[in-house]
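Listed below, chain by chain, are the residues.
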Amino acid sequence: MTAAYVGIDLGTTNSACAVFDGQTVTLVRNGQGAPLTPSVVRIDARGLVTVGARARRFLDSDAANTRAEFKRLMGTGQALDFPAAKLQRKPEELSAEVLKSLRADVADQLGFQPKRAVISVPALFELPQAAATSEAARLAGFTQVELIQEPVASALAAGWSAAESRGHWLVYDLGGGTFDVSLLETQDGLLRVVGHDGDNFLGGRDFDWVIVDHVLAELGRDGHVLSRAEPRHAAAVRKLKQAAEEAKLELGRAEQAGIVVPALDVDGKTFDVDVVLSRTMLEGLCRPLIDRSLAVCQRLLSRHHITPGQLERVVLVGGPTVMPVVRREVKSSLEAPLAEGLDPMTLVAEGASIYAATSGLDARPKTIAPVLGRRLWLQYPAMSSDLTPHVVGRLLADGQGPVPATLRLERGDDLWQSPEVAIDGEGGFVLTVELGPRRPNVFRLRARAADGSDVVVDPATITIVQGLTVSDPPLSRSVGVALANDHVRVYFERGAPLPARRTFVHHTVESVAQGSSDSLLRIPIVQGELEAAHLCRVVGAIELGGDRIVASLPAGSPVELTIEIDRGGRLAARALVPSSGQVFEQVATLLVPEASVDVLAANLELLRRRLGELRTDAFRRQQKASIDRLSGLERQLEEAAADTQAARGGDEDAAQKARRTLLEVDALLEEVEADKHWPELEAQARERLAFAASCVGDRGSPAEQRLLGEATLAVERARAARDALDLERQLRVVSQLSNAAYYRDPAAWEWAFERAASDVGAATDLVKAETLVREGRALMARKDDAGLKRVVEELWRLLPADPALRRRGHDSGVR
Amino acid sequence: MADGRQKLAENPFYILGIDVGAARVAIEREGQKLLGMLELGLSQARTFSTPLGIFSRDADQVRWAMSELRDPARRLGHELWASLPAAPLAEVGEAVPADAAGWPEARRALGWKAR
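Protein sequence lines, in the order shown, are assigned to chains A and B. If you count the first sequence from 1, position 394 lands on 394 in the working numbering, and the numbers rise without skipping. In the working numbering, each number is its position in the second sequence, counted from 1, plus 815.
Calculated from the structure, these hints are not laboratory results. A virtual CB, placed ideally from N, CA and C, is assigned to each residue, including glycine. Hints are supplied without guarantee of correctness; some may be wrong.
[What the hints assert, rightly or not] Partner residues are not named here, just some residues of chain B that face chain A (Cβ under 8 Å, in silico):
#1 ILE833
#2 VAL835
#3 ARG839
#4 ASP875
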């Protein structure tokens with residue numbers, strides 16, 4: 001084998017592994033000969049760990065010590081009990097067991113334990129979930145791992161096996177626990193992710209639950225009271241769910257199936273369950289879930305101004321997509337052909353293995369061979385869509401033999417060789433190579449000394465695979481820092497290419513006293529698309545505690561924050577306090593927040609009230625669009641209520657689902673509220689454009705004037721589409737342009753100074769603020785505009801943050 | 816740095832050292848080459864020229880520039896800035912002359928009627 005690139009689909013229900021050798025993808029079969037390994041772990045009384053199909057057999061008979069679907073809890077820090085062994089295991093530790101099992105399968109098939117691999121994660125995984133996946137890989141013994149978003153992996157696998165194609169594709173990925181949809185584009189062999197959307201808590205499992213709920217209702221009619229919210233009914237409900245899943249699979253072929261559970265024991269009474277389900281009934285039950293997924297697809301397409309008919313094809317991924325109703329509805333709603341001949345269950349693992357080649361992650365153990373000849377450090381793509389990529393290199397100082405002066409490459413098939421290029425003074429060189437399409441291309445490196453004699457170089461050969469590749473993966477949700485005014489300072493916009501790193505300077509809103517353990521400054525890192533920080537999810541925080549700082553930090557002190565996200569979506573942050581040179585690197589809470597049932601119930605009640613008020617208002621104003629949206633939200637709240645009930649019954653997964661649904665409903669209510677204020681927003685748009693036209697017209701550069709013209713068109717589009725969020729976004733661009741021009745007016749800083757000076761009584765450091773005001777007045781008299789600008793900016797930093805806004809902004813201590 | 820100057824100094828076409836009309840495949844090829852050269856620490860890749868002078872280049876900038884030019888809508892905006900003729904470049908940024916003619920027709924062009 002020339003190379004072995006390992007890709008793993010670490011799924012909610014099943015996991016799979018594939019190996020790519022540069023030309024062919026092979027599925028790795030487990031000990032039972034199957035390509036799919038159930039993501040189920042059992043720990044018995046002796047502490048013996050069983051994984052896969054053997055563990056799944058105990059899901060029913062030994063449910064307390066057998067765990068499934070723990071992927072949905074990744075990043076929550078929620079430990080799961082194994083009472084027989086008196087052990088607790090975190091979700092990432094259980095995932096590690098599944099990964100260990102897959103590693104062993106690779107070892108059986110290829111003869112070595114892979115050290116490097118690519119593991120797939122849902123596109124909408126939050127940063128803590130991605131971090132937990134990396135941790136699972138580390139625990140499983142992988143030394144180097146990259147994460148790939150599942151839809152990108154699927155598209156890569158579908159694109160690798162497809163004939164040359166260009167245009168837009170949609171990957172509809174309905175897994176066991178999550179739904180992802182991705183819009184991709186291929187051009188010149190390069191796959192680009194245009195955008196993502198999805199629902200982190202919609203999956204095949206929900207299809208099973210709607211069937212279970214239907215059966216529970218039927219049983220209720222017969223006088224058998226069974227509840228998902230009741231912990232003592234958990235075993236009976238589990239049996240029903242298994243029967244529901246079997247019936248669902250059977251209805252893929254048959255018109256009718258029975259949900260049969262003999263001798264179901266409920267509250268000491270035993271009865272037989274025999275409920276007949278027809279395919280039509282199943283389709284009726286599942287349609288709301290399918291519609292929900294299709295609404296997500298439509299939202300993604302419309303965000304990118306693509307109509308369904310414009311799609312080249314739709315790739316279906318995940319077990320539930322084999323259901324005829326799903327295939328039919330997706331095809332007709334998206335008006336695009338489905339990609340045929342692909343296995344929806346293993347496509348992700350196949351794509352992950354191809355991606356491992358793109359990243360050069362050869363899983364074979366590295367052998368340390370003695371260096372022969374002069375050593376070269378080379379940079380080239382292990383996989384390239386370009387037929388003529390560059391190979392860049394540098395001659396290293398070590399190695400044996402004469403120093404090479406020139407270099408050329410010869411392709412293994414002897415049909416092509418590069419011109420001879422000179423190695424420059426730094427030892428650098430750039431060669432362009434010609435690749436044979438869709439196969440691995442081996443090149444021999446030939447070097448010559450200045451006297452024309454041959455020089456042996458190390459490495460002597462390189463391999464580049466030609467085929468479809470993927471551009472840098474995009475960030476699925478914007479990441480930023482919550483500010484004390486409940487706004488977000490966006491560091492990376494959704495879609496930013498990964499890896500990414502950015503640094504901004506913030507200023508503290510209060511002082512932190514050195515040595516005081518009560519004094520703490522928090523910098524919350526959030527993920528989300530909305531401007532209000534409280535509507536975004538906290539995914540981490542850096543804390544500057546009084547007991548850790550080396551010198552007291554007055555209010556208004558600068559803090560330089562750097563956030564870094566790698567290709568797999570792993571987050572790292574670093575805060576530098578320039579005044580002391582101290583660096584804080586520990587991200588304090590890299591966890592999905594816990595979802596306590598009481599908090600969920602209280603939030604649910606609050607949102608119900610808000611929704612009721614908005615609905616009354618919408619009826620009064622006769623706003624049909626708002627009424628329709630609120631009805632949709634009402635359904636979501638009902639789901640959240642059912643999940644909160646299930647959470648009371650001990651279903652932690654349902655608690656997480658409820659938490660997310662409530663957060664989403666909160667954000668959507670905010671949108672409806674924004675919609676209610678649409679007339680005010682439109683008036684604001686008119687005012688801001690008029691102001692911008694005046695400022696940019698009078699003092700803007702020609703380029704700024706042209707950009708304002710473009711921004712005005714975008715504002716008009718958002719107004720026509722009645723898209724409040726987009727309108728706000730476009731108005732921000734307009735404001736940036738007008739501000740740049742406005743502050744070129746020397747009088748602008750004088751006005752800003754007067755406004756800031758009028759608030760000086762509330763400053764956090766009154767003495768300093770008053771000194772600044774005196775300095776400002778003197779600068780104004782001298783017409784020192786640059787000095788006045790500095791004074792105004794310093795004054796702004798001394799004005800206090802509104803405590804209520806700060807609380808909403810996740811207690812942020814910076815502005 | 817003022818917005819206009821920044822748009823020029825951080826223009827992806829200048830960062831990658833390619834023409835405004837470059838095909839997508841050429842952009843990827845050049846980007847990959849620069850990333851390789853930066854990884855190897857070759858001095859030739861460490862700077863790039865713009866009409867405002869020479870700036871230093873790093874791998875983050877190159878990756879960002881490649882991604883900006885992959886998106887057709889965003890590429891258009893950068894093309895606009897990169898194709899500005901040499902003369903108006905002096906006007907860009909902080910130093911807009913006080914007696915600049917401005918854009919007297921702005922309000923009308925943006926849809927407002929004369930008062």
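Against the structure, the hints:
no.	hint	result
1	ILE833	13 Å, violated
2	VAL835	15 Å, violated
3	ARG839	6 Å, holds
4	ASP875	6 Å, holds
In terms of the numbered hints stated before, the structure departs from hints 1, 2, listed from lowest to highest.
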